[in-house]
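Asker: As they're listed, the protein sequences go chains A and B.
Counted the way the working numbering counts, the first sequence spans residues 1 to 196.
Counted the way the working numbering counts, the second sequence spans residues 197 to 809.
Watch out, some of these pointers could steer you wrong.
Below, a list of computed lysine-lysine pairs in the PhoX-like style, where the Cα atoms sit at most 25 Å apart [stated by the list, open to error]:
| hint | chain 1 | residue 1 | chain 2 | residue 2 |
| --- | --- | --- | --- | --- |
| 1 | B | Lys-557 | A | Lys-119 |
| 2 | B | Lys-742 | A | Lys-177 |
| 3 | B | Lys-711 | B | Lys-626 |
| 4 | B | Lys-720 | B | Lys-584 |
| 5 | B | Lys-395 | B | Lys-434 |
| 6 | A | Lys-136 | B | Lys-548 |
| 7 | A | Lys-177 | B | Lys-244 |
| 8 | B | Lys-580 | B | Lys-713 |
| 9 | B | Lys-398 | B | Lys-450 |
| 10 | A | Lys-179 | B | Lys-244 |
| 11 | B | Lys-513 | B | Lys-548 |
| 12 | B | Lys-584 | B | Lys-726 |
| 13 | A | Lys-177 | B | Lys-450 |
| 14 | A | Lys-2 | A | Lys-30 |
| 15 | A | Lys-177 | B | Lys-746 |
| 16 | A | Lys-2 | B | Lys-450 |
| 17 | B | Lys-742 | B | Lys-711 |
| 18 | A | Lys-179 | B | Lys-349 |
| 19 | B | Lys-434 | B | Lys-541 |
| 20 | A | Lys-136 | B | Lys-747 |
| 21 | B | Lys-548 | A | Lys-120 |
| 22 | A | Lys-89 | B | Lys-766 |
| 23 | B | Lys-747 | A | Lys-179 |
| 24 | B | Lys-202 | A | Lys-89 |
| 25 | B | Lys-584 | B | Lys-626 |
| 26 | B | Lys-766 | B | Lys-747 |
| 27 | A | Lys-119 | B | Lys-475 |
| 28 | B | Lys-557 | A | Lys-136 |
| 29 | B | Lys-548 | A | Lys-2 |
| 30 | A | Lys-120 | B | Lys-720 |
| 31 | A | Lys-30 | B | Lys-202 |
| 32 | A | Lys-136 | B | Lys-746 |
| 33 | B | Lys-766 | B | Lys-711 |
| 34 | B | Lys-434 | B | Lys-502 |
| 35 | B | Lys-766 | B | Lys-713 |
| 36 | A | Lys-177 | B | Lys-685 |
| 37 | B | Lys-807 | A | Lys-179 |
| 38 | B | Lys-653 | B | Lys-584 |
| 39 | B | Lys-548 | B | Lys-653 |
These are calculated hints, taken from the structure and not from any lab test.
If you're wondering where the values come from, they're calculated on a predicted model, not measured in any experiment.
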Amino acid sequence: MKEFNIVMCGVGGQGTVLASKIIAQTAIRKSMNTRVGETHGMSQRGGTVISHVRIGSEVYGALIPEAQGDCMLAFEPVESLRYMNYIRKGAYIVLNEHPIVPTSVNAGMATYPSFEEVKKELQRATDNIIHTDASKIATETGGIISLNMVILGMFSQIPTCPFSAEDLKQSIEELVKPKFVELNLAAFDKGTTVLH
Amino acid sequence: MLLDNKPGLVELLMGNQAVVRGALEAGVGVACTYPGTPASEIGDTFAKYSIAANSYYWEYATNEKVAFETALAGSWSNLRSIVSMKHVGINVAADALLSMTYGGSVAGLVLAVGDDPSCFSSQNEQDSRNYARFGMFPCMEPSSPQETKDMVKDAFALSESFRLPVMIRQTTRSAHCSGNVEYGPIPEQRNEVVFTKDKLHKAVLPSHAYQLHPDLIARFQSLRDFICDSPWTRMSLKGPFGIIANGLTGNYVKESLHYENLEDISFLHLGITYPLPEKSLLTFIQHCDTVLVVEELDPITEETLKRIAFDNNVQVKIHGKDVLPSTYEFNTRIIHDAIMNTLPKTPTISFKGESLPEASKMPPRFPVLCPGCPHRSTFYAIRKADPKGIYPSDIGCYTLGIQPPLNAVDTCVCMGASIGVGSALAHFNKENVFATIGDSTFFHTGLPALVNALWNKSNVNIILVDNSITAMTGQQPNPSCGLNSVFEKIETPIYPEKIAEAMGVQFIRVINPLKIKESIEVFKEAAAFKDGPSFIVSRAPCCMLKGFQKKTPVSIDTKACIGCKICTSKFSCPALIWDETTKHPIVDHDLCNGCEACIEVCPSGAIVEGKEQ
């Protein structure tokens with residue numbers, strides 16, 4: 001595999017950083033090259049965040065060039081729109097339906113689109129959209145903190161995913177604190193069932 | 197893990213972690229920092245492994261100048277030393293940095309800096325290579341975490357060869373990029389600690405500096421020659437079109453050439469970006485007829501290249517800032533388009549993705565103060581106490597108080613400026629001035645300004661928003677939070693209010709910002725006090741703090757709610773969400789941490805303590 005580019009986006013604090021690390025760790029174990037470009041600092045405070053995860057034999061910079069994303073893992077609906085220019089036509093999108101309403105909406109300065117509107121916009125780029133209320137699944141399993149695991153579980157089931165669920169689960173065991181491994185794996189497993 | 201002494205092991209490291217690994221492989225003896233994005237994780241990684249490694253002295257210093265001086269003392273004591281900071285931190289450290297080069301360092305001295313093109317988390321886009329030019333010391337720029345690790349290791353040796361500090365310049369993109377890193381060995385032995393008395397080189401008196409300046413110039417000249425043969429100067433002479441790129445931006449060049457299958461392009465990839473390898477540059481322009489210089493921010497390579505072409509009478513067309521911007525970070529699309537335009541050649545690939553939805557479908561999501569953040573309550577109370585005041589502020593999470601609806605930050609320049617600017621504003625203007633500054637920022641550069649305000653009798657109201665940690669950069673300890681540099685509890689925190697008291701400030705109060713009504717009264721009282729500065733410590737812990745105990749989320753008494761929206765549209769805690777159908781706020785139980793500050797904000801008593809479920 002020359003390159004596989006994963007656009008991961010959401011809101012600061014949703015756990016995108018750990019999710020990207022788990023994918024990169026899996027790639028390294030499979031002797032692939034990796035680059036992960038993350039957002040840190042001020043934007044982490046509830047702002048919009050994007051992680052660029054690039055794996056394969058030929059990866060260069062930390063940024064996925066526009067239109068070169070093979071897959072998008074969107075932790076929040078509106079955030080998927082903000083970065084949809086990064087994916088290729090027909091790319092797979094794993095999408096959490098659960099919105100985090102920005103303060104701009106609360107303060108009456110903007111409105112939040114309906115999920116159907118979000119989906120319609122994304123369909124300009126691709127029909128391969130897998131969506132569910134992943135936040136709800138997380139809350140019912142390991143707590144909202146395990147949202148990233150539900151998303152990774154969903155990711156493991158897309159046809160183009162370069163890794164098996166077992167590959168990713170091994171990295172979770174390696175990277176998550178021992179006392180949280182069980183809960184995280186449970187959340188991951190719930191994510192894998194979304195497609196079925 | 198990072199300390200594993202297993203050469204050949206491949207691990208996923210962030211650029212900033214790779215800096216630490218490189219230093220460990222170089223046998224580092226002293227490490228220090230003042231945290232600043234995008235360089236913070238360098239210090240945090242040293243802090244994390246300091247006790248387990250037991251091989252280097254480590255500290256979080258109160259500011260970058262002190263941190264640099266700590267590393268300098270390490271170098272003078274024959275210990276390989278590294279200091280890390282963000283780009284604007286060098287402005288603070290510059291006083292020490294630009295003079296010590298005359299006498300020089302002893303053991304390897306490395307300055308790891310994080311530049312921030314695109315201003316992701318900084319007040320400017322200054323290009324740190326200018327400091328390398330200013331101070332006449334080398335600057336190295338890695339293109340991957342692996343290179344970062346290897347370069348840091350080499351930097352210590354380079355520093356020792358020329359007795360100069362060596363700058364490792366990462367940008368946000370390289371500092372926060374993770375990738376594969378293959379480990380080398382970590383030496384078992386450290387240098388012996390020796391401080392050799394040598395007044396000429398360690399005391400830069402005017403007469404010594406006069407004598408040493410020619411020596412600095414001479415060392416710099418030999419450095420220039422040395423760099424041409426460095427493995428970090430990577431030249432491939434092919435066709436007549438050539439590209440010169442620095443560290444990270446070289447990736448965008450390689451990626452563009454790869455996507456376009458362009459093989460006949462000459463390429464000079466610079467790892468040491470100051471001073472420039474002038475002989476190599478001359479060879480390159482003699483070979484090429486057209487050269488594109490790819491460097492983010494300032495045209496330092498481009499201008500040098502033009503001088504070399506002029507001095508040597510080389511006929512070559514040099515492109516740089518005529519086709520590439522001097523602002524913001526680059527990416528593959530920008531570089532690809534510049535290459536294709538200057539070649540010129542029709543592109544075979546387009547980096548134009550699907551168009552974005554119209555703005556109305558994407559409500560803006562600015563970074564905000566966290567749910568339950570005590571800063572929100574402080575700002576809300578300040579605005580309530582005096583809505584017509586002037587609000588100078590400072591650098592930290594609390595700068596976010598600038599956003600609507602809080603609107604409680606009017607100025608922000610640099611660390612410590614809230615008090616410096618604020619005390620002077622109070623001299624000149626009739627409005628009350630409320631200067632907000634964080635705990636870490638106060639110790640960084642707020643202290644001298646407080647002395648100045650007191651001495652010159654300004655009526656500024658200084659509000660120290662003390663959340664007991666350096667929060668914005670990732671929860672580093674500071675002198676007042678009761679932790680040392682390795683997060684152990686200390687018996688004697690240095691309390692700002694005690695400092696103010698010892699100085700002789702007449703109006704000092706310590707408040708709990710979550711008690712908003714009391715806070716408003718104290719701010720009003722402070723504004724009425726006109727006998728010098730008032731000093732109010734607004735103290736409540738950061739809710740991101742390790743071990744912070746969430747309390748039961750608040751509830752809404754919908755019968756009492758009058759639908760005034762003050763809680764959502766004026767106080768704007770993200771945990772309270774306005775529901776247009778019921779015309780009442782909803783409490784997001786995942787976000788609310790039960791700080792209960794909003795209870796005092798509601799005019800109708802509709803927000804009430806939550807009950808355990």
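Asker: Could you run down the list of hints and mark each one as holding or not?
Answerer: Status of each hint after checking the structure:
no.	hint	result
1	B/Lys-557 to A/Lys-119	12 Å, holds
2	B/Lys-742 to A/Lys-177	15 Å, holds
3	B/Lys-711 to B/Lys-626	29 Å, violated
4	B/Lys-720 to B/Lys-584	12 Å, holds
5	B/Lys-395 to B/Lys-434	52 Å, violated
6	A/Lys-136 to B/Lys-548	35 Å, violated
7	A/Lys-177 to B/Lys-244	16 Å, holds
8	B/Lys-580 to B/Lys-713	9 Å, holds
9	B/Lys-398 to B/Lys-450	45 Å, violated
10	A/Lys-179 to B/Lys-244	20 Å, holds
11	B/Lys-513 to B/Lys-548	29 Å, violated
12	B/Lys-584 to B/Lys-726	17 Å, holds
13	A/Lys-177 to B/Lys-450	38 Å, violated
14	A/Lys-2 to A/Lys-30	14 Å, holds
15	A/Lys-177 to B/Lys-746	21 Å, holds
16	A/Lys-2 to B/Lys-450	15 Å, holds
17	B/Lys-742 to B/Lys-711	23 Å, holds
18	A/Lys-179 to B/Lys-349	36 Å, violated
19	B/Lys-434 to B/Lys-541	17 Å, holds
20	A/Lys-136 to B/Lys-747	22 Å, holds
21	B/Lys-548 to A/Lys-120	20 Å, holds
22	A/Lys-89 to B/Lys-766	42 Å, violated
23	B/Lys-747 to A/Lys-179	23 Å, holds
24	B/Lys-202 to A/Lys-89	43 Å, violated
25	B/Lys-584 to B/Lys-626	10 Å, holds
26	B/Lys-766 to B/Lys-747	23 Å, holds
27	A/Lys-119 to B/Lys-475	57 Å, violated
28	B/Lys-557 to A/Lys-136	24 Å, holds
29	B/Lys-548 to A/Lys-2	21 Å, holds
30	A/Lys-120 to B/Lys-720	53 Å, violated
31	A/Lys-30 to B/Lys-202	19 Å, holds
32	A/Lys-136 to B/Lys-746	21 Å, holds
33	B/Lys-766 to B/Lys-711	17 Å, holds
34	B/Lys-434 to B/Lys-502	21 Å, holds
35	B/Lys-766 to B/Lys-713	16 Å, holds
36	A/Lys-177 to B/Lys-685	24 Å, holds
37	B/Lys-807 to A/Lys-179	29 Å, violated
38	B/Lys-653 to B/Lys-584	22 Å, holds
39	B/Lys-548 to B/Lys-653	59 Å, violated
The structure fails hints 3, 5, 6, 9, 11, 13, 18, 22, 24, 27, 30, 37, 39 (numbered hints given earlier, in ascending order).
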